[in-house]
Amino acid sequence: MTHVPLGAFIAVSAMLFFIGCAGVLMRRNAVVILMCVELMLNAANLALVAFSRRLPAADERGSVFVTFVFVIAAAEVAVGLAIVLAAYRNRPSVDVDEARAMRG
Amino acid sequence: MFDLIEPIVFVLLSVALVGAGAAVVLLRRITSGALLMAFTFLCIAGMFVLLGAETIAAFQVLIYVGAITVLILYGVMFTPQSPRSYPLFFQRQTPLAAVFVALIAVPVVFIALSFRDGGPPASGGGDLVPLATSLFGPFAFPFEVASVLLLAAMIGAIALVKREDPLDDEFGEERL
Amino acid sequence: MNDLVAVLPEVTVTLTACVVIVADALQPRGRSRDWLSLLVVFGLVAAIFTGPFTPTAGRYFSGFVVVDTFTAFFRVLFLVLAILAALVAPGYLARRRVPAGEYYATICFSTLGAMTIVLATDLITLFVGLELMTIPIYILAGLQRHDRYSNEAALKYFLLGAFSSALLLYGFAWLYGISGTTEMAGIAAAIAKAGLANPASMVALALVTVGLGFKAAVVPFHQWTPDAYDGAPTPATAFMSVGPKAAAFAAILRVMVGGLDPLGVDWGNVFALLAAVTMTAGNVIALAQSNTKRMLAYSSIAHTGYILAAVAAHRAGGSAVAAVLFYVFAYGIMNLGAFACLLFVDSEGTRGPTLDELNGFARRAPGAALAFAVFLISLTGIPPTIGFIAKVFVIQPVLDSGMVWLAVVIALNAVLAAFYYLRVVVHMYMYETDAKMPPLVSPRLLSLSLGATALATIALGVLPNSLYSWALQAATPLLAR
Amino acid sequence: MEHILTLLIVIPLVGLLPLVVFGRDPRAAKQVAIITTFVELVASLVMLTLFRTGEAGFQLHESLSWLPSLGVRYELGVDGISVLLVPMTTLLTFISVLYSSGGAIKERVTEFMAAFLVLEVGMVGLFLALDLFLFYVFFELMLIPMYLIIGVWGGPRRVYATLKFVLFTLAGSLLMLVGIIAVYLASGEPGSRTLSLPELIAGRARFSADFQFWVFLAFALAFAIKMPMVPFHTWLPDAHVEAPTAGSIVLAGVLLKAGGYGFLRFALPLFPFGTQAWLPLLILLSVVAILYGAIVSTVQKDLKKLVAYSSVAHMGFVTLGIFVLNAQGGAGAVLQMLNHGIVTGALFLFVGIQYEKTHRRLIADLGGLANRWPLYTTFFGVFTLASLGLPGLNGFVGEFLVLVGAFKFSPPTGPGGLFWGPLAAIGVILAAVYLLWMFQRVMYGTLREAYRALPDLSRLEVACGLPLLILTVVLGVAPQPFIAMIQPSVDRAIALATDPLFTVTVLAR
Amino acid sequence: MNLVDLVWLIPAFPLAAFLVNGIFGRRWLGKATGPIASAAVAASAVLALGVFSQVAGGHAQTVVPLYEWIGVADFRVDVAALVDPLSATMLVVVTVVSLLVHVYSIGYMAHDHGLHRFFTWLPLFVFAMLVLVLADNYLLMFVGWEGVGLCSYLLIGFWFERPEPQGAAKKAFVMNRIGDWGFMIGMITTFLLFGTLNFTEVFERVGIAQQGVLTLICLAFFLGATGKSAQLPLYSWLPDAMEGPSPVSALIHAATMVTAGVYLVARSTPLFAAAGPALQVVGAVGALTAIFAATIALVQFDIKRVMAYSTVSQLGYMFLALGVGAPIAAMFHLFTHAFFKALLFLGSGSVIHGIDDVQDMRRMGGLRSKMPITYWTMVIAGGALAAIPPLAGFWSKDEILATAFLNGHTLLWLVGLVTGALTAFYVTRAIWLTFHGEPRDRHLFDHAHESPRIMTIPLLVLAVGSVLAGFVGVPPESGFIHRFLGPVTEAAGRATEQAPAVTSIIALAALSVVASVVGILIGLSMYARHHPDPAAVARAAGPYYRVLVNKYYVDELYDRRFVGLANAFAGASWAFDIHIIDGIVNRLGSLFGILGSGLRRAQTGLVGNYALSIVAGLLAVMIAYGGYAAGVFGR
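Chains as they are written, first to last, in the numbering used here: chain X, 1 to 104; chain F, 1001 to 1176; chain S, 2001 to 2481; chain E, 3001 to 3509; chain V, 4001 to 4635.
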């Protein structure tokens, strides 16, 4: 049966990656930015798995990498939300454009 | 005609994936954004299945669609925003950013297409066994480190949000 | 079993972290927690001394962990920096009610991450280590959580950090795609075949450069640095300005030199450009700063440039890598010392002293002022300090690889830097203090550790040979091929 | 005794210890500093006695491995070029400390003395180092103490002046550092590389023509700024005006010599081709410095500024003497360094003394001092005359020899000695103009009421001035013994720089 | 025993006196300084006479070395004395006149509070002058040369609290320095040419040089001479130098120092002789100066200034002599002039001393009765200056003119003749205004008194000298001095002169005497019988008179124009230093400051911007890699 070529998967992942990237550059809400970062990570995951399954010398490393990314992503989100909350307590806003006491 | 299933599924998934992702970026309601993100994760899981990596797909559903989405939803709930007009959801630099991202994305996507396919997965069937063996075999050390990472994140997160001294009370109980 | 022995230092560090957490939890609230720092120091010193007992150079965990001179060098460096960070902290933590136990534990975790980086032979371990090094730093930056500057610092650092991690990860993914493996050696081989002409490897390389450059605060990926350093609690700043940077350069060496050396010519030139831009921008902006803490932040960017120059000169071989190691070490102790000196002038509500708040410092605290002066002079690169020797060791490979222009840029930048470093000395020694100066604090522990560091700065400046030859040894594993 | 040179470097460091211990009490600090510098002075005189006149090579040679991974050695030695500069340094330091302990420095005495001892290490080491790297270390070591001395104990605009001083010096010296490392890399195959001067000279044929061209430039820039040569001189007046008396003394007396010494010791022997290539420009700048410095001096209103600008002119004679590349010029240049150190150091000393009493440095505010201060007038007069090159005093010998050398100067192309010589000689006339005028405006005329009560020189001040006075006369009346010490080494340096065969071989490659 | 070997004692004595008076003078010695100095000079005078007699007794020309002064490679200069007739003559002149002046000064300076300073510097001057005279090489001579310059500087500015002496002193030193520039250039080129600075060696090798170079060298030396000996264009310091005490004027600015230039040229006769054109320049300048200064002297009223200008003019005579190839005549005139001009100065000093320090002749008059000794001695000196036979001046000056004429320099001779007349006129005028006629200032006249013996005795001695000194040159062309100095100056090409016919000499002498007499008679008729009345003459002369009174406006030219110009230039260069050279540096500094604060603004504090700059960086890096990969930037 016909296979979807590896390139297609990677292209899709690249699209997702840059969508996330654009999100980080565009949105003001810290939480949304966090989501966009997650999208980027997922794009990477997709690429990794695709490579690991479809490369000539296919091995499971890609998948292993992805598992670690899961862990890291979880940790990141936890810490990230904690930071956002701590900040939100001092100044009830998650608008990153308002967090500019330090500049120059 | 069965041999066209995979491409069709792939196309559908891709469209959904990209569409949902774009929605996350563009949608104003954060809660629905979060849910769309979860949907994106699901599509990714689908991709994994398509690639024959069922185990990873499972993890994906558990961790992302499960844990992370929930976390983020909590985060969204704890940080309510005063309603504002649509443009204010975006930074002033949005157009410029779009240009830059496009400048990079377009060539990269085309370059991505250039990856040559190695044919069907050499070892047919599931990826559970190889994954498990390598995780607890050669990758034992990073595995341990990863666990420490989770510990560190936990401690840190607690340290950042726990309320012990009166200073915290000036911020409303009712919020948390 | 042998595997565990091989990573004994890492294990020790982890245990130390856990012990500190427990001890902190057991300690009733409101009681002094200064002794925790000594506990940490004890643990970390122990970790240093376990180093020699680990079996010498070799690969463990079925080849996914490598222990060699390179590892040993960085292990010691990270531990030393962590120890100093623990020593200078207590007073500040107590004053600003920063949770002490978490502070020390987080430092330990970050250190563990850094050590993991230098143990790594493949991208996976390296990436995990990188994250374990970085995520605690986010926490560290925000740990003074009732201070909005601290919150802002943490927020910015986290968002940008996560973003850059994603970039890096994607780069790694592509590297994997190009080479079909995650081991540096394998990547090196594959890349050598593909070459930069292959656009995919070009993209991967760019993403990796950006990701690692961000961690090391290379211009133009540097902008988180001033805000994060500025807002974070000063002891944390002292640590994060050196530890992560050192780790980042360890990673850069492992990946770029260890993994991508075949493409050297191509990324060497790009790195040279980045280095020149970085040091110049850092120095020029630092000229315009009025807050000492922020000025030091920018100066640390400039130093990134110097180190990067040595990386760019990797064609010179051992001397280049050794230069990076030596400079990172030198930079570590002198910059940490410089930031820690700010702890003497620490008034509630401010982030760090402005230049004017340092007026007459030499009269109010002669010892501290002298130490600060020594660190600044060392950062300027004037003999007989380690900073000077480090610059020499950097310039040598740069010239050796034929990049005379870069050497000249370094020299001229040193002149620029001299202006703002010595301006601090001017404020400390040549201006008289006036009324309403923030009161000085002088914990004995802080003074002692800074005195020791200052002495080391000079001692290693006079007799740098042992350290340098060690760095040379440490450089060899990367070049073995 | 064979480690006398190391001793010279160690003594001041040893002096630092008691200084730190007894630092609390300024009087103790003063005594410690005085004793230390005096011991150092004696040691340097011992070194002088151990020196064997008539030999060109390095004597009292010491060499230890210091930084093998960079081929750097702790290598010391003296020859005719440096043997006289070292005692001059120690003497001037001693006098500076002695004078400063008399009350010129009132606050932070301990720090001041400490800075001076460190400074002395740098200055003495500078003249003894035979390893380029070591030389550079000492060259820079002088920087920070002087920076503090000007900046902490200086005048109103001290911060501007001292930062200017440091930045100028660094701008030059860091490029020289690049040059030094380049020399190291070019000195041989990896493993056999070195920075030790004798070995470098032996293997200098490795330095290609345009390597020499650029590296010489790097060195020359550093030295030219230190000299200072026009147009890099503008830091000097500011630094001198703001510096405390003792600072001015060593700054003019010793630090300026680092440049000329560096040229003669390193730049010429190592880069003959570079020297030849840059020669015309350097000669031009020297003559410009002589005339320009003199002309600008004539209109100075501030006593210290005037002496500072006169230093620019005098240093012009030094460089001129060096770059005409002949025996008279070289010997004259070294003598001129020595004499300028003594005379200008003395001038700054006495300007300082005068300032301590009257708190005025503007020439217009002074006048008629000769009435009340016959002793002061005598000292100041003699040094003024020496500075304007009156035969029979030391200033003349150096300048005249340089002039003879300048007249002899015959380059393959461009204007020769008969063009430069007379021009430079004009500088001698101008010196008479501005120095005598200065002397008259300060000493002659009617005394202001305010100064009637001021006392003449105290015993301490006489003690500070007398050695310099004696040297001024001795070096003027009987310079031959000193010339005999200098001559062979200078000839060697010049021979190395002019060796025609060598230039040919380099150009051939 | 051989005195010549002790020649170094001659300068040693004054040096000792200088040191003693200088160190102990102010505290302890006080008035004793005068006798000490005089004693020292007396000692050297005695020794000098001894040496002279030995040399006269045919002692061969000898070099008395002391030690090696400077020796670098081929450039070797010793401190050594050359004893030959020329230096012996100078020794005598210098020491004897100095002695007299010292003695005279004891009286003259008695009441000055700076006495000890005076007697510190005067011996120092003698020392320097003796070094100059004794030197056996140009460089050592230069040492003395500068030394006397310094002393003259110090002594002119002796009363340094008044502004005029300061100016005069500085002017003197600086103008001398300008001359010295020439001296140095001459000296060094001499060395380059002959490889030595030693007189005898240079003169031996004179042959090897070609004339052009020699001419340049000689002109350079002559520039030095004009500075020292106040010739055009560097003469104007000498009249101002009269601000110093009269004894100083007598010793330094009449008898000794100012003749150093003459001595230098005489010394270098072999050089000058070999360099033809140079001599003509010397002669021309000399003649020009002679008449130029004489004309100015006609109308001055300050008695010392009259003498000063007359000195300038007499020095002009000497150079004229040198120019026409008669060094002996020059030395001869130098010798006689030393006596009568010193006497004239000391005399006017005595007058000034007698009428409490007034120098303006318009306030004098009729003093003959009050101070007879001064009067008579000055009459004698005046006669000598006016060249009235058989006084000293007549013989020497007449010889100069004769030689000039016989060597065919008719024009120079004519100038000299006219100058002679003028000289006679202004000296008559000076003496008459001072001593004859009605006292014009009654008050001064009443208090006028003759000077004490210690001052008058030197006057008498010098008077005797002024009468007899001339006879060393009698008979003309073959007198003692000619035989004595002959050997030194053979190179001067006296051979060219055919032994002149006695008749012609007498004729020329007669002519010059007539000129002098005419001058005197005019002077007498104008000032004794107001016929014609000087005032009327002045009015008649109108502009010409004013030009003379204002000394041809030369001082104005020098002091205003030149000095002003120089100051303007110097000021401009300082402005250049501050605003251009230093300005650039400071601009650079501020530039970086601006740059920094500009880049600061890029640090907006907005996370979005930071992220964007990261992405931009990513793009840039990609392009860079691509570029290097494609080899666009080269490798």
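Just so you know, these hints were derived from the structure itself, not from any lab.
Some hints could be false.
[What the hints assert, rightly or not] Below are the DMTMM-like pairs computed for lysine to aspartate or glutamate, each with C-alpha atoms no more than 25 Å apart in a straight line: (1) E/3301 with V/4559; (2) E/3301 with V/4164; (3) S/2193 with F/1003; (4) F/1162 with S/2434; (5) F/1162 with X/59; (6) E/3301 with V/4582; (7) E/3357 with V/4161; (8) V/4370 with V/4360; (9) S/2193 with X/59; (10) E/3301 with V/4161; (11) F/1162 with S/2432; (12) E/3106 with S/2034; (13) V/4031 with E/3456; (14) F/1162 with S/2348; (15) V/4370 with V/4446; (16) E/3106 with S/2432.
Here's how the hints hold up against the structure:
no.: 1; hint: E/3301 with V/4559; verdict: holds, 21 Å
no.: 2; hint: E/3301 with V/4164; verdict: holds, 22 Å
no.: 3; hint: S/2193 with F/1003; verdict: violated, 36 Å
no.: 4; hint: F/1162 with S/2434; verdict: violated, 41 Å
no.: 5; hint: F/1162 with X/59; verdict: violated, 43 Å
no.: 6; hint: E/3301 with V/4582; verdict: holds, 18 Å
no.: 7; hint: E/3357 with V/4161; verdict: holds, 21 Å
no.: 8; hint: V/4370 with V/4360; verdict: holds, 17 Å
no.: 9; hint: S/2193 with X/59; verdict: holds, 20 Å
no.: 10; hint: E/3301 with V/4161; verdict: holds, 21 Å
no.: 11; hint: F/1162 with S/2432; verdict: violated, 45 Å
no.: 12; hint: E/3106 with S/2034; verdict: violated, 42 Å
no.: 13; hint: V/4031 with E/3456; verdict: holds, 23 Å
no.: 14; hint: F/1162 with S/2348; verdict: holds, 23 Å
no.: 15; hint: V/4370 with V/4446; verdict: holds, 9 Å
no.: 16; hint: E/3106 with S/2432; verdict: holds, 16 Å
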